[in-house]
Amino acid sequence: MMTSTHAISQEPMSSSDWEGGKSPFGIGWPKLMMWLFLVQDTLTFAGLLTAYGVMRLSLGRWAVQAEVFNLYLVGAMTFILICSSATMAVAVSAAKRGDHRKVSTYLLLTTLGGLLFLGGQYIEWTHFIHEGARLFTNPWGIPQFSATFFITTGFHGFHVAAGVLYLLVTLWRWNRRSIQPESVEIAGLYWHFVDLVWVFIFTLLYLI
Amino acid sequence: MAETEHASGGYRIYAVTWFWLLVITVLELAIVLLHVPKIILAAALVIMAFLKAGLIVAYFMHLKYEKLSLVYTVVVPMVFLAVILFSFVAPDAIHVFRLRR
Chain A
12 MMTSTHAISQ EPMSSSDWEG GKSPFGIGWP KLMMWLFLVQ DTLTFAGLLT AYGVMRLSLG
72 RWAVQAEVFN LYLVGAMTFI LICSSATMAV AVSAAKRGDH RKVSTYLLLT TLGGLLFLGG
132 QYIEWTHFIH EGARLFTNPW GIPQFSATFF ITTGFHGFHV AAGVLYLLVT LWRWNRRSIQ
192 PESVEIAGLY WHFVDLVWVF IFTLLYLI
Chain B
41 MAETEHASGG YRIYAVTWFW LLVITVLELA IVLLHVPKII LAAALVIMAF LKAGLIVAYF
101 MHLKYEKLSL VYTVVVPMVF LAVILFSFVA PDAIHVFRLR R
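Sequence order for the protein chains is A and B.
Under this note's numbering, the residues of the first sequence are numbered 12 to 219, in order.
Under this note's numbering, the residues of the second sequence are numbered 41 to 141, in order.
Do not take every clue at face value.
List of simulated lysine-lysine pairs, DSS-like, C-alpha gap at most 27 Å [said to hold, decoys possible]:
no. : chain 1 : residue 1 : chain 2 : residue 2
1   : A       : Lys42     : B       : Lys107
2   : B       : Lys104    : A       : Lys113
3   : B       : Lys78     : A       : Lys42
4   : B       : Lys104    : A       : Lys107
5   : B       : Lys104    : A       : Lys33
6   : A       : Lys113    : A       : Lys42
7   : A       : Lys107    : B       : Lys107
8   : A       : Lys33     : A       : Lys107
9   : A       : Lys42     : A       : Lys107
10  : A       : Lys33     : B       : Lys107
Calculated from the model, a selection of chain A residues having no Cβ within reach of chain B, i.e. all distances over 12 Å [to be verified]:
no. : residue
11  : His138
12  : Arg145
13  : Phe161
14  : Phe166
These aren't lab readings, by the way, just hints derived from the structure by calculation.
We treat Cβ as the ideally placed atom computed from N, Cα and C, and that holds for glycine.
Take the sequences, apply the hints, and build the full model.
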C-alpha cells in the first residue's frame, strides 16, 4: 500500500466520478444526449426490422430481391455511405486538431456522400414504383414486400436527409467559428449511426 | 490526446477501418452470389453485419476509447434487445411459418 504524499487527484478513483461536478461517463452532456438518442433510434429501427423479419418469416414466401432490385446500385450506395463515414471521422479528428480547412473539406465530402446516397435511393424508388410497387400493393402479390421496403428505407432516407441538413448547418457554424470541435464530433456520431443502420437494412432487406 | 506527431498519422486508423469495412462488404456481396443454403447465408450475413457495426461503433464513433460506463450504456440495451426480440418474436413467427406449410 502506498503511504507516500502523492496527491489523491492523480489517482483515477472511480468513486469520485459520482461525487458531483463531473460527468460519470467522462463526456459532456451534449455528447451523452446524442448517444442516448442514438440508442433510442436504434431500438426504433430494430422494431421496424423485426416486424419485417416476423412478417417475412411467417409468410413463408417473399419476392427475390436480386431480381427486383439492382444489387450493384445498392452495393454502390453502401460503399458511398461507408466512405462518407470515413470522411466524417477525418473531419472530427481534424476539428480536434484545429485544422479548420480540413474540417470544412471533409464535412463537404461527407455531405456529398449523403447526397449521392439519396440520389441512389431516389433512382431505386422511382424504378420500383415504375415496376408497379405501391405502399400497400405491388405486382409480386405480396403486399408486405413493398410496404416494408418503402417504410424502412423511407424512414432511413429521412434520417439521411436530416443528416445532410445537420452537416450543412454544422459546416456553416464551423466556418463562422461559433462551435466547438465537440459539436462536430456529435454531428459525426449521428452520421455514423445513419451508416450503421444502413448496414443492417442492406443486409436484411436486400441480401438475405 | 497525445497525438502531437505528424497529423497524417492520426488519420490512419480511419483509413484502416474503412478498408476492412469495404472488404467485409465485398465478401457480403460475394456470398450472395455464391448461392449457399439460405440458413448459412443468413447466419454469415448477420455475423458480417455485426462485424461492420462493431468497427463503425468502436473506431468511427470512438466508443473503444470512451469510458466503460458509456460503452455499457450503449451496448447492454442492444444485447438485451436482441435477446428479448428473439425470444418473444421468433417462436410466434416460426410457429406461423410451420402452420402455413
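Do the hints match the structure? See the list:
1. A/Lys42 x B/Lys107: 13 Å, holds
2. B/Lys104 x A/Lys113: 24 Å, holds
3. B/Lys78 x A/Lys42: 41 Å, violated
4. B/Lys104 x A/Lys107: 17 Å, holds
5. B/Lys104 x A/Lys33: Cα-Cα ~21 Å, so holds.
6. A/Lys113 x A/Lys42: The hint holds at about 22 Å.
7. A/Lys107 x B/Lys107: 19 Å, holds
8. A/Lys33 x A/Lys107: Holds. A/Lys33 to A/Lys107 sits at ~21 Å (cutoff 27 Å).
9. A/Lys42 x A/Lys107: Holds, because 15 Å separates the two Cα atoms, which is no more than 27 Å.
10. A/Lys33 x B/Lys107: Holds: A/Lys33 and B/Lys107 sit about 13 Å apart, inside 27 Å.
11. His138: Correct as stated: the minimum Cβ-Cβ distance to chain B is 19 Å, above 12 Å.
12. Arg145: Given that every Cβ of chain B is farther than 12 Å from that of A/Arg145, nearest at about 25 Å, it holds.
13. Phe161: 22 Å, holds
14. Phe166: 18 Å, holds
Going down the numbered hints, you'll see the structure goes against just number 3.
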